[in-house]
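Visitor: Whenever a hint applies, use it, and build me the whole structure from the sequences.
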Amino acid sequence: MEARILFMLKLCLLFLHGGAAGHHGGVHLGSQTAALLQWKSTLRSSSPALDSWRQGSSPCSSNWTGVSCGVVHRGRAGAAMAVTEISLRNAGLDGRLGRLFRDASAGWFLHNKGLCGNLTGLQKCSSTPILEHHKARTHGLVLAVSIPICIVIILSIFSVVLIHHKRKIPQKATVTDPRDVLSVWNFDGKLAFEDITRATENFSDKFIIGSGGYGTVYKAQLQVDRLVAVKKLHPTEEEISDEKRFLSEIDVLANIWHRSIVKLYGFCSHPRYKFLVYDYIERGNLHDILKNEELAKELDWQKRVAIARDVARAMYYLHHECNPPIIHRDITSNNILLDAEFKAYVSDFGIARMLKPDSSNWTELAGTYGYIAPELSYTSVVTTKCDVYSFSVVVLEIVTGTYPTEAQSLVSMGQHQEVVAMEDILDKRLSPPAIAENKEIALLVEVAFACLQTAPQFRPEMQDVYQKLALQKLSPFASPSHALTPEEISEKV
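What the sequence shown shows, in mature numbering (1 follows the signal peptide of the UniProt record, and there is no 0), is residues -21 to -1, 1 to 472, in sequence order.
Some hints could be false.
When the alpha-carbon atoms are kept at most 30 Å apart in a straight line, the in silico DSS-like pairs for lysine-lysine are as follows [what the hints assert, rightly or not]:
#1 198 <-> 92
#2 270 <-> 92
#3 92 <-> 447
#4 198 <-> 211
#5 282 <-> 407
#6 447 <-> 418
#7 447 <-> 276
#8 276 <-> 322
#9 242 <-> 103
#10 282 <-> 198
#11 276 <-> 198
#12 282 <-> 270
#13 198 <-> 242
#14 211 <-> 92
#15 242 <-> 185
#16 282 <-> 322
#17 270 <-> 103
#18 92 <-> 185
#19 322 <-> 198
#20 242 <-> 211
#21 282 <-> 242
#22 211 <-> 270
#23 418 <-> 322
#24 407 <-> 447
#25 270 <-> 242
#26 276 <-> 407
#27 185 <-> 103
#28 103 <-> 211
#29 322 <-> 185
#30 92 <-> 19
#31 198 <-> 103
#32 418 <-> 92
#33 242 <-> 19
#34 92 <-> 103
#35 19 <-> 185
None of these hints come from the bench; they were simulated from the model.
Guide: If you want it as structure tokens, here you go:
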């Protein structure tokens, strides 16, 4: 009953908010910024043209590419700016425009082959939203009738909720420890602790879909059409002694939305269990797929190139678009999940930490053997360059189909031979790449060798790596280190 009441309350508040905004015609730069960033995150292929669109920046003061601003109001506080026009022609966009741009000019988005929407000159999307806005001529009448009704409903709901909670106070009097608040965040509200334990039959082994050094992962079906992955953490002294900070970091990570990052819905802390709740990704992790002879053959060269690009996009977002930057610390093929269409997602933020660029508060070695950057053998300072190294090992694993320990022999080969024959590197379970795929495979190998440099200062930033893969630009990174040139890599492709 309480959940139904809260849902009605949210619905009325949402309607009033949308109606009031439309009625008064107000424009707020902050809401425009949030809406544009949300739209960017939904694109299937975010063009480098949108790299300047970053969280924490303003379209009108940070020179967002393709965005024009103007003064929409002058008052005592000064001139109020807002986005007035967008020009993203030939930007290589791939996705849906959606209702955000329903009144936009079609000229803003011309010559983007992958873009769809209800604007003249663009292709129609394969599906349309279920709900549409009311006609403008009836909007005023609807507001005039619905606003008073919703106000009455809201007041009534508050009264019912207040009475309902007062009746439950004696039952809750025994709950004094905040660790007994048994809930996790979710896109529909809150899921009770009992829902998770019931769905997994109290974390029965038959629901296990994976395990690692930090916890065991279970598959849980909470509703007919909703599956989640529940990572039950192993108890550690660190979590017990610094749980307040850990919960704060999880709260930040739960607010991250990116198309190449597994969504973290929340964290539950209870004396019996501690677990993280993630979105469920169907095909499982990349490591298990590469290890299976039959499944590995399904990953053709085009799929493997796309997987590497997806991972680079996610790491670029974590390192350069989050403020402060987020260092994953354990980028491995076990932590890259594939959905039904072989789209890659970076997962496992149970060990991730928020880290400012000048921070050096890491006191323990983190990561998985074979993927750990060599500098962590003599320093405890974890930087974004450690993630870059781990990424290079994953890329070589994708290209070669071999376990990470083989990466060291590849590095030695690249350092002591003038030419590396591609047939000595590529996964022999697949047919040789077609001519059209040669450049992309050579680019992956070049990127991997550049990121695999022993000295961290010689490794590129993920921003450079992602732009290189997105633009498919076969040219050496600016680095004094020894690395394979494009000619050396592709000579025998």
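Visitor: Each hint: holds or not?
Guide: Going through the hints against the structure:
1. A distance of roughly 38 Å separates the Cα atoms of residue 198 and residue 92; the hinted pair therefore is violated under the 30 Å criterion.
2. For the hint pairing residue 270 with residue 92, the CA-to-CA distance comes to about 36 Å; that exceeds 30 Å, so the pair is violated.
3. With a C-alpha separation of about 21 Å, the suggested pair residue 92 and residue 447 falls inside the 30 Å cut-off, and the hint holds.
4. Only pairs whose Cα atoms come within 30 Å are accepted, and residue 198 paired with residue 211 is accepted, the gap being roughly 11 Å.
5. Between residue 282 and residue 407 the CA atoms are separated by roughly 16 Å; this keeps the pair inside 30 Å, and the hint holds.
6. Among the hinted pairs, residue 447 with residue 418 is consistent with the structure: their alpha-carbon atoms are about 12 Å apart, no more than 30 Å.
7. Distance check on the hinted pair: residue 447 and residue 276 sit about 27 Å apart at the alpha-carbon level, within 30 Å; holds.
8. For the given pair, residue 276 sits about 16 Å from residue 322 by alpha-carbon distance, which is consistent with the 30 Å threshold.
9. Distance restraint check for residue 242 and residue 103: the Cα-Cα separation of roughly 29 Å lies within the 30 Å cut-off, and the hinted pair is therefore satisfied.
10. Between the alpha carbons of residue 282 and residue 198 the distance comes to roughly 26 Å, so the proposed pair stays at or under 30 Å and holds.
11. Between residue 276 and residue 198, the direct Cα distance comes to roughly 26 Å. Compliance with the 30 Å bound is thereby established for this hinted pair.
12. Among the hinted pairs, residue 282 with residue 270 is consistent with the structure: their alpha-carbon atoms are about 16 Å apart, no more than 30 Å.
13. For the hint pairing residue 198 with residue 242, the CA-to-CA distance comes to about 15 Å; that is within 30 Å, so the pair holds.
14. A C-alpha spacing of about 44 Å is found between residue 211 and residue 92, which places the hinted pair above 30 Å, so the restraint is violated.
15. Restraint check for residue 242 and residue 185: satisfied, since their Cα atoms lie roughly 24 Å apart, inside the 30 Å limit.
16. Between the alpha carbons of residue 282 and residue 322 the distance comes to roughly 8 Å, so the proposed pair stays at or under 30 Å and holds.
17. Using a Cα cut-off of 30 Å, the hinted pair residue 270 and residue 103 is violated, with the two alpha carbons roughly 41 Å apart.
18. Between residue 92 and residue 185 the alpha-carbon distance is near 46 Å, which puts this suggested pair outside the 30 Å criterion.
19. Between residue 322 and residue 198 the CA atoms are separated by roughly 20 Å; this keeps the pair inside 30 Å, and the hint holds.
20. For the hint pairing residue 242 with residue 211, the CA-to-CA distance comes to about 16 Å; that is within 30 Å, so the pair holds.
21. For the hint linking residue 282 to residue 242, the alpha-carbon distance of about 22 Å falls within 30 Å, and the restraint holds.
22. A hinted pair counts as satisfied when its Cα atoms are at most 30 Å apart, and residue 211 with residue 270 qualifies at roughly 25 Å.
23. Taking the CA atoms of residue 418 and residue 322, the gap is near 21 Å; set against the 30 Å cutoff, the hint holds.
24. Only pairs whose Cα atoms come within 30 Å are accepted, and residue 407 paired with residue 447 is accepted, the gap being roughly 26 Å.
25. Taking the CA atoms of residue 270 and residue 242, the gap is about 26 Å. The hint holds against a cut of 30 Å.
26. For the given pair, residue 276 sits about 10 Å from residue 407 by alpha-carbon distance, which is consistent with the 30 Å threshold.
27. Restraint check: the Cα-Cα separation between residue 185 and residue 103 comes to about 45 Å, which exceeds 30 Å; the hinted pair is violated.
28. Restraint check: the Cα-Cα separation between residue 103 and residue 211 comes to about 44 Å, which exceeds 30 Å; the hinted pair is violated.
29. Straight-line distance between C-alpha atoms of residue 322 and residue 185 comes to about 27 Å, which keeps the hinted pair within the 30 Å bound.
30. The suggested pairing of residue 92 with residue 19 holds, with an alpha-carbon distance near 16 Å, which does not exceed 30 Å.
31. Note on residue 198 and residue 103: the hinted pairing is violated, with a Cα-Cα distance of about 37 Å set against a maximum of 30 Å.
32. Straight-line distance between C-alpha atoms of residue 418 and residue 92 comes to about 22 Å, which keeps the hinted pair within the 30 Å bound.
33. Proposed proximity of residue 242 and residue 19 is supported: the alpha carbons are some 16 Å apart, at most 30 Å.
34. Using a Cα cut-off of 30 Å, the hinted pair residue 92 and residue 103 holds, with the two alpha carbons roughly 12 Å apart.
35. Distance check on the hinted pair: residue 19 and residue 185 sit about 39 Å apart at the alpha-carbon level, beyond 30 Å; violated.
In this structure, the hints that do not hold are numbers 1, 2, 14, 17, 18, 27, 28, 31, 35, in rising order.
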